[in-house]
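Visitor: Could you use the hints to bring the two separately framed chains together as a complex?
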Amino acid sequence: MGLLTELRSSISRVTSKLFAPDQGPKRIGIYGPPNAGKTTLANRIARDWTGDAIGPESHVPHETRRARRKENVEIERNGKSVTIDIVDTPGVTTKVDYKEFLEHDIEKEDAVRRSREATEGVAEAMHWLREDVDGVIYVLDSAADPFTQVNTMLIGIIESKDLPVLIFANKTDLEESSVQQIANAFPQHETVPLSALEGDNMDEVYDKIAEYFG
Amino acid sequence: MPHQCTACGHTFEDGSKEMLSGCPGCGGTTFQFRPSGAADGTSTDAPDDSDATPPERESGGVAERMGRTATAMRDWMHRDDAPDRSDTAGAPDTAETPDSTDVPDTTDVEDATGSTRTDAGDADTGVETGTASVDERTTGEPTTDETRPADATRPADENRSPDDTRSPATSESDDAAAPDAVASGEDTDDGLAAWPDPPDVSHVREKDQRVHRRRRRAGRWGTETEQATETDQTTQTDRPTETERVAETVDRPTDEPRDDTPRPNEDGLIVADEESLDGSTEDTAQASARSEMARPDELPPRESEAPSSGRVVSEPSGEKPDMAELREELNEQFESIKIVEPGQYELNLMELYDRQEYIISLRENGRYVIQMPEDWLGDRDVP
Chain A
1 MGLLTELRSS
11 ISRVTSKLFA
21 PDQGPKRIGI
31 YGPPNAGKTT
41 LANRIARDWT
51 GDAIGPESHV
61 PHETRRARRK
71 ENVEIERNGK
81 SVTIDIVDTP
91 GVTTKVDYKE
101 FLEHDIEKED
111 AVRRSREATE
121 GVAEAMHWLR
131 EDVDGVIYVL
141 DSAADPFTQV
151 NTMLIGIIES
161 KDLPVLIFAN
171 KTDLEESSVQ
181 QIANAFPQHE
191 TVPLSALEGD
201 NMDEVYDKIA
211 EYFG
Chain B
1 MPHQCTACGH
11 TFEDGSKEML
21 SGCPGCGGTT
31 FQFRPSGAAD
41 GTSTDAPDDS
51 DATPPERESG
61 GVAERMGRTA
71 TAMRDWMHRD
81 DAPDRSDTAG
91 APDTAETPDS
101 TDVPDTTDVE
111 DATGSTRTDA
121 GDADTGVETG
131 TASVDERTTG
141 EPTTDETRPA
151 DATRPADENR
161 SPDDTRSPAT
171 SESDDAAAPD
181 AVASGEDTDD
191 GLAAWPDPPD
201 VSHVREKDQR
211 VHRRRRRAGR
221 WGTETEQATE
231 TDQTTQTDRP
241 TETERVAETV
251 DRPTDEPRDD
261 TPRPNEDGLI
271 VADEESLDGS
281 TEDTAQASAR
291 SEMARPDELP
301 PRESEAPSSG
311 RVVSEPSGEK
321 PDMAELREEL
331 NEQFESIKIV
341 EPGQYELNLM
351 ELYDRQEYII
361 SLRENGRYVI
371 QMPEDWLGDR
381 DVP
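Quick note, the sequences are listed as chains A and B, same order.
Residue numbers for the first sequence follow full-length UniProt numbering, so the first one is 1 and each next one is one higher.
Residue numbers for the second sequence follow full-length UniProt numbering, so the first one is 1 and each next one is one higher.
This is chain B alone, in the form it adopts within the complex (with noise of 0.2 Å):
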């Protein structure tokens, strides 16, 4: 399993060193395993990806009540069926944030994806210091979150996977938005942007968890539409993976293997997905902008798209990488610092001291991030 530059693509060999520095290539400090058949297109979408992503710390029990408790709210946003779903984990943040309710207009997509992606730049610190930020993510405050400026170096490009096929538009709120900036979303306008707060933001917060949102980006029909949610401990990190993977097995179906299996607390993600491919499910939202364009009659025969569909769905989860797998892997060859929790951190003595350059922080989406002594340490020779 070589690692991969998420920057520029380079790849090294399993355990090299010379990605311990950087990647000499670009500089760039975020890797991900490159599974052996992964295709050369993916590397490409990669780099987008990974900037874009906000980094999830390591999962523990927290993480993984997080995980349910996004799924769970996934699920529910489904039944709402808007092409463009927030983040239902993220619904918690926003929802006090007076943009993030409603947003039909652009300035308020803005403003939502503001707060959205300064949460994501927190945490961006965060994991990439390794430690740095806990206490700020942990906070939950959203004032906070909307003065930072992070929103501005996130990058807006995690959209543009060759599934992509929305209208600009349409993408353009995608990238702007954020969870809360769902309601920015075609089918949001009427009926999404009365939704109730979610009932887990009590639970997020009570877990001083901060929510992290991402922007999906949606498949053909709408109904491929990624949600990501992020947290900082989620477990549910594959789903950007998942979503490069999507397009990468649509290009290549048959390179990988399938694992039709959902993990426990992506069950009802994974089921959902796969409703939504189905023609049959269409909602009244996407009716409505179907309707726009062709009537159901004109539509092409789904039937036959079905089981790819289905199967492009399914097979990223069996693409993701194995995470208690990748995480044994990545701490036996690397990781020296491990965030339980906000707060709470396990060391690797031998780690920190052998490989001291580099503090590895494992996102729960596959990715890493490697840290570099400069960043952590500052300046080291205080008097």
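Chain A extracted, bound-state conformation (with noise of 0.2 Å):
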């Protein structure tokens, strides 16, 4: 199989280069750190502008454990329309246990399973950062520590494909919120605050959505 499968994605992934710029809407990845609410995010925006959800939001980490893509959301700004595909990708990690499942009530043998999906999700979301998206919105909880080697290490590879690039400070509905340590931690790039459960100032998501990515 290897050959001539490695072939056909090696053309398809030539052409789809060839005519993506010009044609079809900017392809944006959510990446962030499980759990940061990306897909809540992601089915915020997918609601606003094409009613349709992407994917189930749950508390418990790797949820999302295939990328899903929402194409042609046409967002409009200012008398301006930005058509984007949305790709809500799986949390990134350096780690996968089964065990953390086993706290969210889910049984050993589905724990080792959604772990294995969950890894595999990971690869994808990285196959996606490196040959599929045109830009980031990276999506952290402003409740938890920015300063992880996930958080450093993904934010530098965007930076060094010259991806432009929004950190999402998510959770502001949450007490320990903090959006400046959020900010602190990557002051190259701008930070947006927001709640995507509360819907908090998701209108200047949409702003910076368009002024970034249209």
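Treat the hints loosely; a few may be bogus.
Said to hold, decoys possible - Residues from chain A that face chain B, not an exhaustive set, calculated with beta carbons under 7 Å:
1. Thr94
2. Val96
3. Asp97
4. Tyr98
5. Val112
6. Ser115
7. Thr119
8. Val122
9. Ala123
10. Met126
11. Arg130
12. Met153
13. Ile157
As the list claims (entries may be wrong) - Pairwise CB distance ranges, derived in the manner of DEER restraints:
14. A:Glu76 with B:Glu13: 51 to 61 Å
15. B:Met350 with A:His59: 23 to 33 Å
16. A:Gln149 with B:Cys26: 32 to 42 Å
17. A:Gly199 with B:Gly25: 52 to 62 Å
18. A:Gln180 with B:Asp354: 30 to 40 Å
19. A:Gly156 with B:Pro24: 29 to 39 Å
20. B:Pro24 with A:Leu163: 28 to 38 Å
21. A:Gly24 with B:Pro24: 31 to 41 Å
22. A:Asp162 with B:Gly25: 36 to 46 Å
23. B:Cys26 with A:Arg130: 25 to 35 Å
24. B:Glu13 with A:Glu198: 55 to 65 Å
25. A:Thr148 with B:Glu13: 34 to 44 Å
26. A:Gly79 with B:Pro24: 47 to 57 Å
As the list claims (entries may be wrong) - Anything over 12 Å on all C-beta distances counts as not near chain B; from chain A, calculated:
27. Lys26
28. Trp49
29. Ser58
30. Val60
31. Ile75
32. Lys80
33. Ala144
34. Ser178
35. Asn184
Worth flagging that the hints you see were computed from the coordinates, not collected in a lab.
C-beta: ideal position from N, C-alpha, C; glycine also.
Guide: Dropping the structure here:
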């Protein structure tokens, strides 16, 4: 299967790269560590502009284990419209342990399966980052420490690719939320506070999306 | 240390990117480090072996425990001195299957083999996807295994080593023989069917480990029989390699440096093999088999042979890749997802990002599988 499939995928990769820039909307990847609220944000954006959700949200980490895409999300700002494809990616981490699922009343067998899928999901997210996104929305839980290896590494990769990136300090509805801490962690990028769950500050979110990815 | 495709023998220079898209010659995705002095003959053996080799996942604490367990079991089994020893570690799984316990007759053997091979098939999947099927493997439910068709795909040629001097019948049973089917070995008919359940069964299951058994090939006199115990994570992965190497060293005994120092968890194994190589330790089963052909005094003197045999046995350990070194090297070069144990993974994000077309799964026998993205990404453009 190897050669043919490889060839086919190479060709499609090349052709998509040849034609993608001028055709179709930009593909914006929503990245971040697990449980930062990526899917909640993706659903919020998709619901606001298309009426459909992208995927299930959950408190259980790694709920999103496959990248999900919502195409042709048309966002209108100041009389102009920006059309993007949103890719909600699995949370990126350097370790996946089934035991963390056990804490969420998931049976071991299922937990191990989830763990495996989550691992594949991370690999998939990295794949999208490498080949398939034109811009990145990096979502962080503003109530959590942003100084992590994963955040540093991913932001570094994004910067190395010169991709436009917005840092979203999510979960501002939480008491412990500290947008400033997020902004301090990545001063070279614009940080936008929001609560995807509550829909707080979404206007600014859409303004920035239109500005950065339009 | 160049890489070598285990399917066609094509070699690649160290750090070659060419192989990362699969072998250009045959499309194979399983490779091994090819020691610089390796004989060409080895490469021809490799494909069969590698294909048949159940993959093993990364070693970890559990893996080491499993390795020790397997060694202990192996020693224990060795005392029975069956030429066709079954994988000790494999016994646990098989012990539950009715077919596996006794089995002189071919059908039974095949049954047993079926279940065994399925196990291996699972393992292959798991390893090759880097992550897949971990759960299946860890469930360790024999019933599931038996229903799987994977056995059909299991190559049965592991035994085709130059060393394999056994009679066709023996080889065949060996081929088909799973660890459980061990009983199918000539001598097992009598006493060995009554083998008590291996004590490690519960141990193994507690660890949620699926022990993968391998068919082994028997060397001449039936004493060089290889038992490769393979668990998903066992550290004894080198056994298959060892077998190959044995063949290799037989041809060119002086080519490779010797390392007689057994590894900690292989102590028993190596000692056992040496023992069995010694003509004086012919067991009753062997004696029985041999007596049909020749009287003891008709046997060629073994004194002269013993040293070379012993060397052959011990040499493989020297030729085995140093797993720590190999792992480090592969990590450096390729490895992006490390399976610590089922359900526990460590991810090298930079590797995943940089060389994302593939996931390298290192097996404990020194072989590794390069997983193409199509295999693990599936249908990427999901809406």
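Visitor: Hint by hint, note whether the structure agrees.
Guide: Hints and how they fare:
| no. | hint | result |
| --- | --- | --- |
| 1 | Thr94 | holds (5 Å) |
| 2 | Val96 | holds (5 Å) |
| 3 | Asp97 | holds (5 Å) |
| 4 | Tyr98 | holds (3 Å) |
| 5 | Val112 | holds (4 Å) |
| 6 | Ser115 | holds (4 Å) |
| 7 | Thr119 | holds (4 Å) |
| 8 | Val122 | holds (5 Å) |
| 9 | Ala123 | holds (5 Å) |
| 10 | Met126 | holds (4 Å) |
| 11 | Arg130 | holds (5 Å) |
| 12 | Met153 | holds (5 Å) |
| 13 | Ile157 | holds (6 Å) |
| 14 | A:Glu76 with B:Glu13: 51 to 61 Å | holds (56 Å) |
| 15 | B:Met350 with A:His59: 23 to 33 Å | holds (29 Å) |
| 16 | A:Gln149 with B:Cys26: 32 to 42 Å | holds (39 Å) |
| 17 | A:Gly199 with B:Gly25: 52 to 62 Å | holds (57 Å) |
| 18 | A:Gln180 with B:Asp354: 30 to 40 Å | holds (33 Å) |
| 19 | A:Gly156 with B:Pro24: 29 to 39 Å | holds (33 Å) |
| 20 | B:Pro24 with A:Leu163: 28 to 38 Å | holds (33 Å) |
| 21 | A:Gly24 with B:Pro24: 31 to 41 Å | holds (34 Å) |
| 22 | A:Asp162 with B:Gly25: 36 to 46 Å | holds (38 Å) |
| 23 | B:Cys26 with A:Arg130: 25 to 35 Å | holds (27 Å) |
| 24 | B:Glu13 with A:Glu198: 55 to 65 Å | holds (57 Å) |
| 25 | A:Thr148 with B:Glu13: 34 to 44 Å | holds (37 Å) |
| 26 | A:Gly79 with B:Pro24: 47 to 57 Å | holds (55 Å) |
| 27 | Lys26 | holds (16 Å) |
| 28 | Trp49 | holds (16 Å) |
| 29 | Ser58 | holds (19 Å) |
| 30 | Val60 | holds (15 Å) |
| 31 | Ile75 | holds (19 Å) |
| 32 | Lys80 | holds (27 Å) |
| 33 | Ala144 | holds (18 Å) |
| 34 | Ser178 | holds (25 Å) |
| 35 | Asn184 | holds (23 Å) |
Of the numbered hints stated above, none is contradicted by the structure.
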